[in-house]
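Undergrad: Spelled out, the chains give:
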Amino acid sequence: MLSIKNISKSFAGNVVLKDISMEIVPESIVGIAGPSGGGKSTLLRCIQGLNTVDSGQILCDSKIGFMFQDFQLFPHMTVWQNILYAAKLEKNKSIYELEELAHGLLKKLDIESLVERYPGNLSGGQKQRVALARSLMLQPDLLLCDEPTSGLDIATMGEVVDLLKSVCSKQTAMIIASHDLDFLTRIADRIFLIKNGQIIAHMVVKDLKDPIGYLRTLYGKS
Amino acid sequence: MNFVDWTFIGSGAKVTLELLFGGLSIGVPLSIILVILKRKNLGTWLINPYISIIRGTPLILQLSLIYFASPGILGIKFTVLEAGIIAFALNNSAYMAEILRAGVDSVPKGQFEAAETLKISTFYTWKDIILPQVLANILPAFTNEIITLLKETALIATIGGADIMRKSQMLAAEQFTYFAPLCIAGFLYYILAVLVEFLAKKLEKKIHHA
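First to last, the sequence lines map onto chains E and D.
Just so you know, my numbering puts 48 at position 48 of the first sequence, and the rest follows in order with no gaps.
Just so you know, my numbering puts 241 at position 19 of the second sequence, and the rest follows in order with no gaps.
The hints are simulated quantities; they were obtained by calculation from the structure and are not laboratory data.
There may be inaccurate statements among the hints.
As the list claims (entries may be wrong) - In silico DSSO-like cross-links for lysine-lysine, where the CA-CA straight-line distance does not exceed 27 Å:
1) E:K165 <-> D:K341
2) E:K88 <-> D:K260
3) E:K63 <-> D:K341
4) E:K63 <-> D:K299
To be verified - What the simulated footprint calls covered on chain D by chain E, stretch by stretch (three residues with Cβ under 8 Å from a Cβ of chain E suffice, anywhere in the stretch; the number is not a length):
5) 301 to 313
6) 320 to 333
This structure is a prediction, so every number in the text was calculated from the model and none was measured.
Quick reminder that beta carbons are idealized off the backbone N, C-alpha and C, glycines included.
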């Protein structure tokens, strides 16, 4: 569903991504680990098309959804409007179907009581649920999440794992960029470790006894 | 003290309001066009000097140029009202363009990107995502500009427009008393300004949340 072939990207002479390749198959959760500034976000932004690549190819035949690190909810719209606005413009479903879908998502994400609120009156965890619902309204096959646990406490982090996993079970693949190894090993099937713009390791989480320990040792090396 | 006919001065309000709404209804769309062109880097060689010159010269000079000089230069004789509306519209567009530009700059880039990831078209992104936020950000400056323009329409008196200001002067000259006619004129301007402020506050309440 997504094939990345030897992509490179630099900003004003700074190499951010160097010869990155990976394949994403349906219903998988892929983690992108690595230190801040290592190129994780840029990789997601290139996949989404928010940044162009300098060389290499990104082949994608799936519908992509994107979750921003800072959510980027529309501050002048209520939660309900945030969730429905883009989906309504797509015009491939009736309003009735869309509202049905929205109610389903709101219930699943436990934010039904927030529909009339504005983003300014929501906590970080609530904003994230709204952002997730907003992306899922367009029913993407592939969801890109940029640092979904940043700014959330540990208890909320556990909820994010459950939420994203329950979402993924419905044929949505995910690529999650995070510096949080604990979180990634709990959620991802496979993890790519990106450092200084390069993939320095690729692992299948269930094949490892101590994936966090393994990642930590790799973190230290260059 | 003589009886002062305030309805005579009040009848000048028609001209004042025509100038205000005429100036705004041309000036504001023009400023939007200027900002869009500037963002697309089109014609900035013309737009930047335009804004700079309009902001850097007195409005009374711009008004006089349009009214007195256009017959000789362009071969067009504008009526007082036309010349007023053109001058106020041009003047307003330059100031408004700068206010708008600052307003658009104040919307985080992430909002444009969020709209892009949700496949919202450029038109709807601007209409429903960006401009409502711009409006919320610039409303105080926008209100200021409207009130400034309202008061500046009094300059029309210099080319003979029969607005509130001019009519109060006419009455003053006729009755040899300045205090009451000017106070009435001042009161009328003030009422209009308060009305603009009131409407802006209402709008502000409507679009500001939390």
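Undergrad: Within the stretch 301 to 313 of chain D, is the number of residues with a Cβ closer than 8 Å to a Cβ of chain E three or more?
TA: violated (count 0)
Undergrad: Taking 27 Å as the top limit, are the C-alpha atoms of K88 (chain E) and K260 (chain D) close enough?
TA: violated (31 Å)
Undergrad: Holds or violated: are the alpha carbons of K63 (chain E) and K299 (chain D) at most 27 Å from each other?
TA: violated (61 Å)
Undergrad: Take the stretch 320 to 333 of chain D, compare each residue's beta carbon with every beta carbon of chain E, and decide whether three or more fall closer than 8 Å.
TA: holds (count 3)
Undergrad: Is K63 (chain E) close enough to K341 (chain D), meaning Cα to Cα at most 27 Å?
TA: holds (10 Å)
Undergrad: Regarding the pair K165 (chain E) and K341 (chain D), is the alpha-carbon distance no greater than 27 Å?
TA: holds (25 Å)
Of the hints listed earlier, those the structure fails to meet are numbers 2, 4 and 5, in rising order.
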